[in-house]
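Participant: Sequence:
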Amino acid sequence: VCTFNTVIKMYGRAGKHKEAMQVLHILRSAGFEPDVVTYTSLMQMFSNGENFKAAIGQFSEMQRVGCKPNVKTYSLAVNIYARAGLPSEAGRILRQMQEAGFVPNAVTWTSLVKAYSKQGMVEDACSCFAEMQRCGCTPDVQTYSLAVDIYRRAGRPSDAEQTLRRMQEAGFTPDAVTWSFLVMAYSKQGMAEKAGSCFEEMQKSGCKPEGPLLNAVMTAYVQAALPTHAATLFRRMQCKGVVPNRACFNTLIYAFSKNGQFEDAKALRLQMIEAGFKPN
RNA sequence: CUAAGGACCCAUCG
254 VCTFNTVIKM
264 YGRAGKHKEA
274 MQVLHILRSA
284 GFEPDVVTYT
294 SLMQMFSNGE
304 NFKAAIGQFS
314 EMQRVGCKPN
324 VKTYSLAVNI
334 YARAGLPSEA
344 GRILRQMQEA
354 GFVPNAVTWT
364 SLVKAYSKQG
374 MVEDACSCFA
384 EMQRCGCTPD
394 VQTYSLAVDI
404 YRRAGRPSDA
414 EQTLRRMQEA
424 GFTPDAVTWS
434 FLVMAYSKQG
444 MAEKAGSCFE
454 EMQKSGCKPE
464 GPLLNAVMTA
474 YVQAALPTHA
484 ATLFRRMQCK
494 GVVPNRACFN
504 TLIYAFSKNG
514 QFEDAKALRL
524 QMIEAGFKPN
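Every position in the first sequence, counted from 1, becomes a number in our numbering once 253 is added.
Treat the hints as calculated values from the structure; they're not laboratory data.
There could be a bad hint or two in this list.
[Unchecked claim] The calculated lysine to any residue pairs, modelled on SDA-like cross-linking and capped at a C-alpha distance of 25 angstroms, are: (1) K461 to F425; (2) K325 to T256; (3) K441 to S510; (4) K269 to E286; (5) K371 to D393; (6) K306 to E342; (7) K457 to V496; (8) K457 to R419; (9) K461 to A500; (10) K271 to E286; (11) K493 to T481; (12) K325 to H278; (13) K269 to V289; (14) K321 to K371; (15) K371 to V324; (16) K531 to T485; (17) K306 to G344; (18) K325 to F257; (19) K511 to M525.
Model the full assembly from the supplied sequences, consistent with the hints where possible.
Facilitator: Right, here's the structure in full:
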């Protein structure tokens, strides 16, 4: 079964749903029964393909045939409902999991926090984050990052920052993703100076500024009508060896165009191509 | 090392 599961996983990663399902049939005709890993792999495959109905279909099917989901399976089911924008269903799965005698872990809770925050349900997301801790589950970097994201979505940058500070007090080091949520929280409110100081603090703390984060800071400057700051930062970071990604180029080309700097925009487009990115 | 959670762009859909 392990062998078949591996093959299913590989087809799943390649997005080859039909082939994966064919392997499932071969598995059965070879006299084996799919196990919890088989079903979880299939759920993951459909979830990655954004076919949430099929993903949950596998979850139901396994239970129908008496294959018991485990913590990973339940966590994935919560995440599927989170991504599908169905937070109450996600919460239902977590309760169902507890009733079945399983203890939700950081992965499970993080998915549920995301389910609520994605739908803009700030209060529910926050109480979920609190309940997780009441249940004795310690949030990790990813959970804290999503907690910061709750306030970013809600347009509350100071609460976002407070969450990041609490995370540090709890002994965790914010990573590039955590910082990017905070930067975007400030960016959304036009608070470009705040975004810039986050960027500096982040670098001092030893976190490497990767493309997405650089883009978040540049976007903050552009939003605040400071395209020149964005351009300066872009060049300075390039000299420092930070590799800009496609998003950085797009942001800066947009900034130049909006500012009437068409020659700069055109030059950057060429530079973008040289860097191996195709303009769309 | 058979399966689960977080950011930007791209893609997709509206």
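Participant: Compare the structure with each hint and give your call.
Facilitator: Verification of the hints:
A distance of roughly 16 angstroms separates the Cα atoms of K461 and F425; the hinted pair therefore holds under the 25 angstroms criterion. Distance restraint check for K325 and T256: the Cα-Cα separation of roughly 20 angstroms lies within the 25 angstroms cut-off, and the hinted pair is therefore satisfied. Straight-line distance between C-alpha atoms of K441 and S510 comes to about 21 angstroms, which keeps the hinted pair within the 25 angstroms bound. A threshold of 25 angstroms between alpha carbons decides the hint, and for K269 with E286 the separation of about 21 angstroms falls inside it, so the pair holds.
At most 25 angstroms may separate the alpha-carbon atoms for a hinted pair to count; K371 and D393 meet this at roughly 19 angstroms. Between the alpha carbons of K306 and E342 the distance comes to roughly 13 angstroms, so the proposed pair stays at or under 25 angstroms and holds. The suggested pairing of K457 with V496 holds, with an alpha-carbon distance near 18 angstroms, which does not exceed 25 angstroms. For a cut-off of 25 angstroms, the pair hint linking K457 to R419 stands: about 19 angstroms separates their Cα positions.
In summary, the hint linking K461 to A500 is supported, as the alpha carbons are separated by about 17 angstroms, within the 25 angstroms threshold. The hinted pair formed by K271 and E286 meets the criterion: a straight-line CA distance of about 19 angstroms does not exceed 25 angstroms. Simply put, K493 and T481 have alpha-carbon atoms about 18 angstroms apart, close enough for the 25 angstroms limit, and the pair holds. With a CA separation close to 24 angstroms, the supplied pair K325 and H278 stays within the 25 angstroms bound.
As the CA atoms of K269 and V289 are separated by approximately 20 angstroms, the hinted pair is consistent with the 25 angstroms bound. At roughly 29 angstroms between alpha-carbon atoms, K321 and K371 are farther apart than 25 angstroms, so this suggested pair is violated. Taking the CA atoms of K371 and V324, the gap is near 23 angstroms; set against the 25 angstroms cutoff, the hint holds. A distance of roughly 23 angstroms separates the Cα atoms of K531 and T485; the hinted pair therefore holds under the 25 angstroms criterion.
Between K306 and G344 the CA atoms are separated by roughly 17 angstroms; this keeps the pair inside 25 angstroms, and the hint holds. Between K325 and F257, the direct Cα distance comes to roughly 19 angstroms. Compliance with the 25 angstroms bound is thereby established for this hinted pair. Straight-line distance between C-alpha atoms of K511 and M525 comes to about 18 angstroms, which keeps the hinted pair within the 25 angstroms bound.
Going down the numbered hints, you'll see the structure goes against just number 14.
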